[in-house]
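Engineer: Could you build the full structure based on these sequences and the hints that come with them?
Sequences listed follow chains A and B, in order.
Per the numbering used here, residue 1 is the first one in the first sequence, and the count goes up by one each step.
Per the numbering used here, residue 597 is the first one in the second sequence, and the count goes up by one each step.
Source of the hints: derived by calculation from the structure; they are not laboratory data.
None of the values given here were measured: they were computed from a predicted structure.
Just so it is clear, CB atoms sit at the ideal spot from N, CA and C, and this is done for glycine as well.
The reader is advised that the hints may include incorrect statements.
[What the hints assert, rightly or not] Covered stretches of chain B (in silico footprint by chain A; criterion: 3 or more residues with CB under 8 Å from a CB of chain A, positions within the stretch not fixed):
1) 777 to 791
2) 798 to 812
3) 827 to 841
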Amino acid sequence: MSTLDANAGHHDEGSYLSGPPGMMARIWQWATTVDHKKIGVMYLFAVLTMFFIGGMAAMAVRYDLLDPIRTQTVETLNAAGDLETTTITTGESLKEIMSGLGMGKDLTESQIYNRAFTLHGAVMVFMFIVPSIPASLGNFFLPIMLGAKDVAFPRLNLLSWYIYVFGCLFGIMSILLGGVDTGWTFYTPYSTSTDADHWRVVLMVMAAFILGFSSILTGLNFVVTVHKLRAPGMGWFDMPLMIWALYATSIIQVLATPVIGITLLLLVFERIMHIGIFDPAMGGDPVLYQHFFWFYSHPVVYVMILPAMGIISEILAVHSRKHIFGYRAIAFSSLGIAGVSFLVWGHHIFTAMGELAAILFSGLTFLVAIPTAIKVFNWIATLYKGSIVINTSMCYALMFLFTFSIGGLTGLPLATLATDLHLHDSYYVVAHFHYVMMGGTVIAFMGGIHHWWPKMFGKMFNEKGAMLGMALVFIGFNVTFFTQFFLGTQGMPRRYANYVDEFQTLHQISTYGSWILLAGFLVHLVVFVVSLYAGKKAPANPWGGLTLEWECESPPIEHNFHHEPIVKHGPYDFESVVPPHCDPKEFPLPENGGHH
Amino acid sequence: MTMPTLASGQPDILQEMIFGKTPAASEAAAWSDGLFMMITWFSIFFFVLLMGLMVYFTIKYRRRPGVPAQPSPHHNTLLEIFWTVVPSSSMLVMFVLGFWGYSYKIVSPDNAMELRIQGMKWSWVATYPNGATSPETQALSKVVDTENHIVTQGKQYPIFYIPEDTDVKLNMMATDVIHSFWIPEFRTKMDVVPNRYTGYGFRTPKLTANDTYAHQETGEVMSGRDMWIFCAEYCGDDHSRMAATLRVVSREVYDQKMIDWGVQLSPIDAGEKIWKQVCASCHQIDGTKLVGPTWNSVANADGQFGYGYAAELTDGSTVMRDANYYRESILDPNAKIVKGFAPAMVSYQGILSDEDIDNVIAFIQSISDLDPNADENTESTEDPESQAEESAGSET
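Structural biologist: Here's what the structure looks like:
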């Protein structure tokens with residue numbers, strides 16, 4: 001136990017949030033900061049803004065699917081008593097909204113829909129979910145949890161934020177010019193031929209290309225920080241599991257992102273200069289693009305989920321006051337997942353590759369399921385004999401176990417070749433990856449934000465309001481996406497603006513669910529804003545955590561710690577250590593605590 | 597190949613909820629449903645077990661003031677080996693079964709009937725062994741609402757007839773971008789790629805008394821089984837309308853269709869057939885605006901359309917819609933874009949033959965109210981010609 005009292009001495013050091021008086025001076029201070037905490041908060045704001053934009057596109061997608069598009073010929077008797085036929089088109093809900101805004105006159109409903117789902121995918125993947133946890137919570141807490149003053153390269157850290165914003169501006173520019181309809185995967189030869197005389201596709205591809213650099217720099221920074229800046233006394237196996245997860249994530253980011261950079265550059269060359277790498281008319285191979293693309297984009301799925309798994313390990317341990325079960329198994333499974341993730345890209349293209357390759361990739365895909373299963377078992381075993389408190393972040397962690405397990409288990413028929421031939425590119429896949437990406441990453445992100453909110457901003461939030469938001473998100477999420485499994489197995493292909501009659505009921509249920517989901521997130525937004533302006537001051541350690549961030553003040557001072565912390569206990573030794581800043585009466589130790 | 601049976605003949609309620617009331621169309625498809633159900637029951641078992649433990653622990657070990665968490669081991673090697681080995685071996689079983697089912701699904705016997713599938717934005721064309729193609733179509737939504745006087749609904753899709761109880765092998769290629777040929781009732785799909793042959797096989801079911809469909813024009817109830825074919829790989833604007841119907845019929849009906857469709861058609865009828873197969877996904881002939889302009893002669897808010905009428909282009913100029921204009925628009929579609937439309941069409945060079953193009957133009961002429969020989973017959977064309985001039989004049 002590091003026995004240094006955070007409140008002892010150095011009282012003159014203010015919180016990292018305090019700054020010079022005057023609006024412009026504050027803005028300048030934030031814009032030029034190299035403090036990882038400020039950069040983390042700026043990332044948090046930026047990724048949540050992109051989440052909002054991507055979310056609105058998702059709402060548009062679901063709204064279109066409420067009704068199928070139908071052209072009806074209606075016979076009516078006119079005034080003269082003659083039979084007159086008129087044509088009516090129904091279900092063009094997005095077109096109505098767009099024309100209400102005076103936009104998209106030349107676009108059909110399908111074209112608007114295709115742009116909306118591409119916008120949703122591209123924004124959510126490249127601008128939200130990849131940077132989400134590592135860049136915001138990771139930036140804020142990785143150095144603190146290691147006991148460091150900052151990341152290894154603070155200026156590089158600020159640069160990566162600017163590159164991120166710059167990349168997002170490219171994406172937003174593309175959207176403002178009318179958006180793209182390639183799908184977020186930019187499959188050739190569609191992406192090299194669609195909308196041929198316009199720059200929108202190039203802009204969106206360049207956005208993803210630029211964002212890649214931000215990702216590489218953050219990853220590099222984290223790897224060096226973990227290797228070099230651990231506090232005295234912190235060995236590799238004394239690190240919190242969040243750090244292990246971020247470490248594994250960073251390795252993937254550094255190794256895989258250059259591949260997508262090269263691929264996207266080739267795509268731009270193909271589009272502008274027609275070099276013929278992917279164009280079958282010039283002897284190229286369009287499926288080659290898919291291999292290049294998924295060689296990055298499959299590992300990056302684990303960039304999205306591994307940090308979420310790190311958060312879950314922290315929340316479950318702290319809020320049940322239990323040592324994490326199988327620490328090493330969880331740490332090594334993170335690295336195992338990172339390694340195997342490079343070998344399974346082929347399962348995205350089972351229907352476009354040879355039989356032998358398909359069989360090999362099917363086998364390898366099952367391999368990646370095993371470390372994931374082990375983690376879930378370990379988390380549930382952690383709860384055994386705990387002292388479990390039910391609050392918002394714990395509920396999100398439990399919700400993660402629920403939705404992520406569904407996401408993982410429904411992946412089994414997709415790895416199984418025979419069943420995948422049916423489910424591939426159907427709504428089943430849509431439901432599956434939303435259970436993993438949203439039910440996994442976003443839910444854990446929400447849990448993490450609530451877990452660390454008091455630390456980041458020094459304010460408590462309204463627990464009842466947050467619980468209400470959590471409940472709405474849980475219900476809304478499951479109503480929206482569970483129905484989509486059935487749509488998929490019954491034959492509904494993905495990326496369809498329109499559908500045959502038999503799918504309408506399920507589509508409608510799914511759309512109603514998306515409204516509940518939206519309501520849940522809006523409740524959270526209100527709770528956060530109210531907390532910032534009127535929240536109670538947060539204690540240094542509201543939940544009784546043992547990792548180093550709970551030894552800092554809430555919010556932390558500029559250099560995180562008054563003295564360099566010395567680590568004398570493990571991150572999960574709840575049985576033998578009273579948490580810093582906590583009343584031993586509230587956090588009693590078991591009788592034989594500290595004696596083994 | 598003998599396959600271990602996974603599916604019972606009678607699907608249970610859960611299986612019906614998952615796959616719908618229509619049964620799988622082939623033994624291989626039913627087998628794959630059985631495998632899916634096996635994995636589903638496996639998943640349900642573990643999900644209930646894990647969630648049950650989670651809820652039980654959360655309630656039993658809820659925080660009580662002053663009561664600490666009880667120490668328990670931080671790891672347990674035996675337990676951890678157990679829960680590594682159990683999922684690993686279960687997944688090995690799934691992998692092997694999946695591999696078997698995969699070969700069961702995609703391999704077809706050597707004597708299978710070959711159906712050539714051509715995928716293009718945004719339609720499917722199937723060519724039979726005798727070179728014939730199907731001219732028949734039906735609407736997306738077949739609901740006819742007499743009360744509200746709704747007579748037709750939705751776009752027309754081609755119907756591909758295939759004989760019952762026959763091995764079929766698909767030989768597929770795309771002409772523009774990547775598509776994917778999915779017949780949900782056979783539980784199989786494969787990508788349709790430009791410049792590469794792909795394919796899979798299936799055995800069509802024997803028809804039962806329950807297998808009936810309503811004839812698309814007469815409404816007469818006929819023996820046969822309709823299945824949807826969808827494009828499953830995103831291919832642009834009308835991806836969601838790139839559908840077709842696979843109609844399993846008796847051998848006699850199929851043989852008769854082959855004889856009927858093999859007959860030489862007149863240029864106009866041949867052009868109409870090509871329109872239905874290739875062009876109708878973007879060009880209507882009833883005045884409706886799709887991705888491309890309508891072909892019949894009609895004047896509406898978007899302008900004047902039809903053979904023999906002048907077209908206003910995006911650059912503000914006008915051009916007469918004559919045979920050369922249509923030919924250019926088929927071979928080099930972006931050369932002249934009609935005002936109000938996006939350059940969305942791909943070239944049909946190499947896809948449609950010269951004869952096909954002649955036939956399509958003959959069909960376009962036939963649905964215009966202008967006499968095709970307008971130049972020679974001044975009397976009857978005076979009025980429309982002045983109309984064309986008027987519209988040309990008003991644009992400058």
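Engineer: The structure should be examined with respect to each hint, and the outcome stated for every one.
Structural biologist: We went through each hint and held it up to the structure:
no. : hint       : in the structure
1   : 777 to 791 : holds (count 11)
2   : 798 to 812 : violated (count 0)
3   : 827 to 841 : holds (count 12)
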